[in-house]
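**Q** Those protein sequences? They're chains H and L, same order as listed.
Take 1 as the starting number for the first sequence in this note's numbering and just add one per residue.
Take 1001 as the starting number for the second sequence in this note's numbering and just add one per residue.
Since the hints were derived computationally from the structure, they do not count as laboratory data.
For each residue, glycine too, the CB sits at the ideal point set by N, CA and C.
Incorrect hints may appear among the rest.
[Claimed, not checked] Derived CB-CB ranges, DEER-like:
id, chain 1, residue 1, chain 2, residue 2, range
1, H, D31, L, L1169, 55 to 65 Å
2, L, H1046, H, Y102, 25 to 35 Å
3, L, D1197, H, G74, 35 to 45 Å
4, L, R1174, H, S47, 46 to 56 Å
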Amino acid sequence: MSAHDEEWPPDADLMRPYSLTGGRTRPSRTDLALTAQVVSVPGSLPSGADPELELIVSLCVHPLSVAEVASRAGLPLGVTRVLLADLADRGCVVVHTSSWEYRRPDTATLRSVLERIREL
Amino acid sequence: MDGTWTVTESTLAGPVPDTLKIVVAGGFGAGKTTLVASLSETEALHTEERMTSISVGVDDLEGVEDKTTTTVALDFGRITLDPTTVVYLFGTPGQRRFSYMWEELVQGALGAVVLADTRRLADSFDSIDFFESRAVPFVVAVNCFDGHSTHRPEDVRTALDVSQHVPVLLCDARRRDSAKEVLAQLVSLVLRLAQADT
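Bound conformation, chain H alone (with noise of 0.2 Å):
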């Protein structure tokens, strides 16, 4: 527990989020970015499983980012990519990150991406 650790005030609105991921603030992964997409596995979660899991998986039935996923849910971003974690790793829901998140998109796909944001 660093110092900066213990600057987390007492406040009840904070810590509740918290205390859903037993009070875990980094992820068991680091393959979350932001713009992950997170697809649910349809009857993966057992049944009496938490309600914010519930939730989570219910909102994943389509692809969904992880920051839509913190937005929906109503979480913050850190409590919410505890809890993708978990359920990844349970295989509750898969996690798919686009390769553009690692390299730039060839000429012929950023032609595309242009046209498509004139016809918008």
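Assemble the complex: chain H is given as a structure, and chain L must be docked to it using the hints.
**A** What follows is chain L alone, placed relative to chain H:
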């Protein structure tokens, strides 16, 4: 639980889209949230990263009297270009003390938009320095709102001291067609850079 780790994308509902990330930066009150909202297909989205007490400070509010709260959260929007391509627009948290969030935002970003408010041009310096130092392609969009649209792009370029290859354009962040043009200019720039590399 057997077998759940071997699940493949083909067993899941529909295609999983590839994603592009574009960062929208600029001084406090320059219109980042407005630009994102103008472009987003959904109501602009919002998430928070909890800050420690040391992180919570107050912005300089001079000249932006209409805005009374600080942004310690992430505003973002989504544009689905087609079923396999989604663009996410992320507004930067407006304070340098959240720089770890800026680092994450530029990681893998296609490029950035720096919104400039001519009343407070110096507020754009931080963003410009940051993107230049991280080699993130960016355009400067001068947000002309409330009648403050008397500046020419070339004057702004000189004042901001950005290089000739950086597009500088005027926009109205509230108007979707104007915001769309800003995005198009950024993607055109990235395309030119990609072509120059090949």
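**Q** Evaluate each hint against the coordinates.
**A** Now the hints, each set against the structure:
1. Look at H/D31 against L/L1169: about 36 Å separates their beta carbons, and that is not inside 55 to 65 Å.
2. The hint said 25 to 35 Å for the Cβ distance between L/H1046 and H/Y102, and at roughly 27 Å that hint holds.
3. About 42 Å separates the C-beta atoms of L/D1197 and H/G74, a value consistent with the hinted range of 35 to 45 Å.
4. Between L/R1174 and H/S47 the beta carbon distance is about 47 Å. The supplied range of 46 to 56 Å therefore holds.
Violated hint for the displayed structure: number 1, the only one.
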